[in-house]
Amino acid sequence: MENTVSADTHVEVLLRVNGRARRLRLDSRVTLLDALRDELDLTGTKKGCDQGACGACTVLLDGKRVLSCLTLAAQCEGRGVTSIEGLAADGRLHPVQEAFIRHDGFQCGYCTPGQIMSAVALLQEGRAGSDEEIREFMSGNLCRCGAYPNIVAAIREVAGRGSE
Amino acid sequence: MRPFEYVRADDAAAAVALVSADPQAEYLAGGTTELDLVLKDGVVEPGRLVDITRLPLRGITLAEDTLRVGALVTMEELAADATVSERVPFVREALLAGASPQLRNMATIGGNLLQRTRCRYFRDSTVMACNKRTPGSGCAAVRGPARMHAILGASDHCIALHASDLCVPLVALDTVVDIQGVDGARSVPLTRFYVLPGERPDIENVLQHGELITQIRIPLPPGGTRSGYLKVRDRASYEFALTSAAAALLIEDGTIVRARLALGGVGTMPWRAREAEEVLCGAPAAGRTFRAAAEAALDDPFTVAGTAFKIELAKRTIVRILQTVSGVQS
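Sequences listed follow chains R and L, in order. With the first letter of the first sequence counted as 1, position 7 gets the number 7 in my numbering; the numbers rise by one all the way through. When you read off a place in the second sequence, starting at 1, and then add 1000, the result is the number in my numbering.
Please keep in mind that the hints were generated in silico from the structure rather than gathered at the bench. Possibly wrong hints are sitting among the right ones.
[As the list claims (entries may be wrong)] Straight-line distance between alpha carbons at most 25 Å, and here's what the computed DSS-like set of lysine-lysine pairs gives:
(1) L/K1040 x R/K64
(2) L/K1040 x R/K47
(3) R/K64 x R/K47
With these hints in hand, go ahead and build the complete structure from the sequences.
In C-alpha cells:
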C-alpha cells in the first residue's frame, strides 16, 4: 500500500497542468477545481453548481472531459490536466474558441470555458455527426442565458459541416 | 465537512484489509456519488478515503458467452465496447441514457451498482427524518412532497429510489457480481445483491463493510435475442428516469420463447419483473400480451400522493418497449 499521505489530512500532489508540472501541498478535501482556481490562479475554470450538475468546471484529465468539482486534486497525482487556459497555442486561439466568438456562442460567458472544453472533447470523440448528436453530447453543460443554438452552430462549423 | 485522510491504493488485497479494519474508512472510485455526498451534501463523513482508481480492475473480456467487466471500467468505456453493442445493445442504450459525457468518463461500473439514492430528504442533512441516514428517525419523503421516488419495494419506512439506468438491463441479464473480502472472494447474482428497505433502509445490499466489487459478469443472451431500453423523463437528456424499462425478447414464429424484463425509476432496487416475464413467455407477441405483462409487473405498488402517476406511466413504458423490441405494434 502506497500511502502518499502521512497519517494526516493533507496530501502532496504533482499535477501536470497545461503542460507544466505543479507541485502542491493541499488539504485532502481540495477538489481539482479549487486547486486550479485558488492554488494555481487559473480562474478560467468556473465554479457553477459545484455539485456535478452544470458542467461549468469541465476540464480534460488525460485528454478526457471530466468535472473538476467532483474530482479530488489528490486523485490527479501525475495526471495531465488541460484547462481553458491551455487551449490557445502560440498566442492563437483554439479553433473552437474562435468559432464561439464568430457565432456569438455566449451571453454572460460564465458557462463558456466549460462549454468550450466539452466541445473540444466532443469533437475528439467524433460526436458532431448531426445537430441532434451535438445537443445530446453537450447536454452536460448548461447555459442559463440560452445560447444553445449559437453553441451548436460553432461546434458544427469546427466539425466541418458548414451550416445546416 | 469533516477532514479525512486520503490513501491511494495500489493493491486490492491491501485496500480491502485497510477498509475492513477501519469502520470510518470508505472506498473512492469515480467519486461522482461519494464526493457529492461527502464534500457537498455533508451527509456521509468518512475519516479515511481509500482511492481505488489505480487498481488493475479495468479490462473487458469475452469468454464462453460471458462478458467480464472490471469494476473500474468507466460507463463510457463499457458503452464503447463492440460486444456490448452487438450482443446486448440495451446495455449501451442504458449507459448513454444516464448522466452526462463528463460524468460517464468518471463513473465506474462498480460505483454505478453502489450509487446512493437521489432522494432529496436523504441528501439534505437538515432533514431529521430519514431512516436510511439515521435508522429509526422516520421518513420525510412519505409525508412530504415526493415525485422521484419508488413505488415498488417501498414501504412506510422508505421510498428512496435506486436511480441507475445501467442496472436495469444488468438485472434483466442475470449479471453476477464478484466480490473480494478479507476472508476471500465470493459471487452474488445482481438479482440478490440488493435488499429491500424493510425496517432497515440503511442496509442497501449484501456487502459487508470493506468488501470490494472487483468485476461483474454479464451472461450474453442467445443469438437472435432483441433488446431495448426506454427511459421516460422530465427533459430529453441529462435527467433521472421517472420510469424506464429494459426488455430482451427471443421470438420464434410470432411466439415469445424467452423474455427478460426489468424496470427503472420505480424500485427501491433495480427491479426485475419476473411476474411479467411469466406472462410473456410462451405467449404470442401481441399488444394484449404486452398489456397483460405490464399489469402483472405493477400488481402491488406502494404509492404516496406524488408518485401515484408512476403506476400507469410504468405500464405504458413496458408496453412501449415491448412493442419496440418485438416490432409488433398491436
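Quick rundown of the hints versus the structure:
Between L/K1040 and R/K64 the CA atoms are separated by roughly 24 Å; this keeps the pair inside 25 Å, and the hint holds. Under the criterion of a C-alpha separation no larger than 25 Å, the hint pairing L/K1040 with R/K47 is consistent with the structure, at around 13 Å. At most 25 Å may separate the alpha-carbon atoms for a hinted pair to count; R/K64 and R/K47 meet this at roughly 19 Å.
In the structure shown, no violation is registered for any of the earlier numbered hints.
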